[in-house]
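Student: With the hints as extra help, turn the sequences into a complete structure.
Chains S and C, in that order, give the protein sequences.
Under the numbering used here, the first residue of the first sequence carries the number 249, and numbering increases by one thereafter.
Under the numbering used here, the first residue of the second sequence carries the number 64, and numbering increases by one thereafter.
Straight-line alpha carbon distances no greater than 30 angstroms define the calculated DSSO-like cross-link-like pairs of lysine-lysine that follow:
hint, chain 1, residue 1, chain 2, residue 2
1, C, K290, S, K411
2, S, K423, C, K291
3, S, K411, C, K291
4, S, K356, C, K197
5, C, K290, S, K421
6, S, K411, C, K134
7, C, K111, S, K285
8, S, K423, C, K197
9, S, K285, C, K90
10, S, K285, C, K290
11, S, K576, C, K91
Bear in mind the hints are in silico, worked out from the structure with no lab data behind them.
These numbers come from a predicted model, not from an experiment.
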Amino acid sequence: MSQSTNPTTQFQTDANRVTADVDRRSFLRSSLRGYQKTRTATQERFLSYESARIAAGDAKWEAIENLDVYLAQFADKLESRGATVHWCSDSEEARSAILEIIKKHDAKSVIKSKCMTTEEIHLNELLEKEGFEVVESDLGEFIVQLRDEAPYHFVFPAMHLKKEEINTLFQEKLKSINTDDPEELTMVAREVLRQKYLSADIGISGANFGVAETGMISITENEGNARLTTALPKVHIALMGIEKIIPRLEDLALMLPMLATAGTGQHLTCYNSQLGGPRQDDESDGPLEMHVVLLDNHRTRLLADPEQRDALRCIRCGACLNVCPIFKNVGGHTYGTTYQGPIGSVITPHLRGLKDWKHLSHSSSLCGACSETCPVKIDLHHHLLRNRRDAAGKGQGGLAEKVLMLGFTIVMRRPWLYRLTGRLGKIGHVLTKPIHGTRIDPFYAWKKTRDLDDPAKQSFKQYWKSRK
Amino acid sequence: MSRDAILGRVREALSVETDTHVREVVKKSPHSLPVLANGPDGRTQAVKEFLPSVGESLEEHIAAFKVLSDKLQTEFIVVPSIDSARQAIEQLRQKHEWERVAVHNHDLVQTCVNQLSVEFLDTSVNYDAHALEKCDVGISGCDALIAQTASALVTNHSAGGRALSVLPPHHVVVADASQMVTTMADGFALIREKHGDNWPSFISFITGPSRTADIERVLVLGAHGPKKLTIIMISA
Numbered sequence: 249m250s251q252s253t254n255p256t257t258q259f260q261t262d263a264n265r266v267t268a269d270v271d272r273r274s275f276l277r278s279s280l281r282g283y284q285k286t287r288t289a290t291q292e293r294f295l296s297y298e299s300a301r302i303a304a305g306d307a308k309w310e311a312i313e314n315l316d317v318y319l320a321q322f323a324d325k326l327e328s329r330g331a332t333v334h335w336c337s338d339s340e341e342a343r344s345a346i347l348e349i350i351k352k353h354d355a356k357s358v359i360k361s362k363c364m365t366t367e368e369i370h371l372n373e374l375l376e377k378e379g380f381e382v383v384e385s386d387l388g389e390f391i392v393q394l395r396d397e398a399p400y401h402f403v404f405p406a407m408h409l410k411k412e413e414i415n416t417l418f419q420e421k422l423k424s425i426n427t428d429d430p431e432e433l434t435m436v437a438r439e440v441l442r443q444k445y446l447s448a449d450i451g452i453s454g455a456n457f458g459v460a461e462t463g464m465i466s467i468t469e470n471e472g473n474a475r476l477t478t479a480l481p482k483v484h485i486a487l488m489g490i491e492k493i494i495p496r497l498e499d500l501a502l503m504l505p506m507l508a509t510a511g512t513g514q515h516l517t518c519y520n521s522q523l524g525g526p527r528q529d530d531e532s533d534g535p536l537e538m539h540v541v542l543l544d545n546h547r548t549r550l551l552a553d554p555e556q557r558d559a560l561r562c563i564r565c566g567a568c569l570n571v572c573p574i575f576k577n578v579g580g581h582t583y584g585t586t587y588q589g590p591i592g593s594v595i596t597p598h599l600r601g602l603k604d605w606k607h608l609s610h611s612s613s614l615c616g617a618c619s620e621t622c623p624v625k626i627d628l629h630h631h632l633l634r635n636r637r638d639a640a641g642k643g644q645g646g647l648a649e650k651v652l653m654l655g656f657t658i659v660m661r662r663p664w665l666y667r668l669t670g671r672l673g674k675i676g677h678v679l680t681k682p683i684h685g686t687r688i689d690p691f692y693a694w695k696k697t698r699d700l701d702d703p704a705k706q707s708f709k710q711y712w713k714s715r716k
Numbered sequence: 064m065s066r067d068a069i070l071g072r073v074r075e076a077l078s079v080e081t082d083t084h085v086r087e088v089v090k091k092s093p094h095s096l097p098v099l100a101n102g103p104d105g106r107t108q109a110v111k112e113f114l115p116s117v118g119e120s121l122e123e124h125i126a127a128f129k130v131l132s133d134k135l136q137t138e139f140i141v142v143p144s145i146d147s148a149r150q151a152i153e154q155l156r157q158k159h160e161w162e163r164v165a166v167h168n169h170d171l172v173q174t175c176v177n178q179l180s181v182e183f184l185d186t187s188v189n190y191d192a193h194a195l196e197k198c199d200v201g202i203s204g205c206d207a208l209i210a211q212t213a214s215a216l217v218t219n220h221s222a223g224g225r226a227l228s229v230l231p232p233h234h235v236v237v238a239d240a241s242q243m244v245t246t247m248a249d250g251f252a253l254i255r256e257k258h259g260d261n262w263p264s265f266i267s268f269i270t271g272p273s274r275t276a277d278i279e280r281v282l283v284l285g286a287h288g289p290k291k292l293t294i295i296m297i298s299a
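Tutor: Laid out in structure tokens, this is it:
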């Protein structure tokens, strides 16, 4: 990934490189086929998956449309249980809030469980710069951290790597034995990380849901690393976006199976834990302090959009990435964003600016697979169109698009000109045939990956007339 | 204050109503059953009526729990009495050569382990995490068994704290058949009943031994938590 270039250029360069790598692409595809198979089997056990989607989507609408009430209730409840809630408007505020807690405790090492929001605010970079040891404990995250890479997929961070590559990495960085057996590799990581839990001063986690009614965060995982992160260190910090709220505890009974089914194809992930406050007086372990850092970071800007606030209902299952033909071809790193795939393409322009990130909404086939698979029924592919519309409305389409659209308008409003253009186009097509597909073709950029068929002998209008 | 600033921005954003077209998308589906009432009751009902069915009777619940447990590689042992539960644990001790066992102050657990000749660590009171890490197994109770998901529902009270059920390489749960409920929502209701508004700070649904598939989608048990999960249920 090239960081210095602008996001559009970086996307194009990386997309070209990755799509040419047939081996990696077929590796990615076969792993996503495996996901699809498990998921379909799990979904078929539902009495009505469609109805469950409607109910789950509805629960998140209730939360988002009453977010002010539920957020306040969530924070008040948590504080009444002895936790401290930090309200942060942007990345900078969240980073300093977290840094302050760590410094106050004179901590040296930090253990983290998977949390995409910490990627969003670039927390690791800051903590490492300040001299703290920061260890990612989720296996996939641990692997990409050792490679000094961003997660490839926000649910499967290391899905792009083959076991041989992980073997090389572990030998190099952990001086481990030579093995490419996934089980042995996992055990290598287990042994390394065990000691880190016991010695870490601070545990940092994310939150999949924040329960307003009872003031609890809910964490979903398979490995047990989040449970250890929130059980052993004496301070627990949870970072969550303000949109993670759900109204009631019982809502989890629906949301957790939906998250698992859509996310990994499991009927439920291994550990689903609700944490409401630090260790209480009658309890024998757990952190002495719990801090919940609530992050806005332009989520309220998205909320102010009466159409696209829909996207704040996302539960980050990653299903839309898994079914997306674009993701399958360009891969996760190409996006250059914290959240990849269709959901990333929808929300990134709101979180980081439409001007620099509108290209993501154009890298879509509008096939609608994302909307069809979303467990809470977010209207994803239409939001991509809405981003395109908004970019054009703000005149961000570029000069070429403007000229093209102006020409289109002129032609379409004048039937005689439309007929003339049609005829000229046919002649032009025949005359330019010798240069088709070459670099001097004026439409080279468009045609280098596409074929343009010869125009029909008869236009539709001529055909219609001849029928009568 | 940032709290007021953020809540202010949220309120201002919500002063514009959601676009009706976007809002209606959720309600549309050609394949759905009749939509239930909105709100909490509707959703609790949704869990029963739309999610996988596990029947009404205890026998059906146990059968469903068994099927999913096999798939999850949870060892699910149904025994007729407390005495046979005690024997099952003694057999496990011999098979896995336990020397150090973590337990907590829980009637059923204590009854089941009181004749076990091993070194015990009690996590009901202040304990050393390094000592727990050296234990071969953690034996705990639970609040409920969930038929729909084959989960053991625990809190720090029913499972000897937050770490006993996740730090040692083997976790054994002892439960009574009367603790079997249909859905996760029923599990939450039980905890609500037991603790009122004074919630335990930790609640967890444990569904199978710890696992990962982060390397080439190959399933590996015991990623960070226990490699083995045994649930012993007394059916009498």
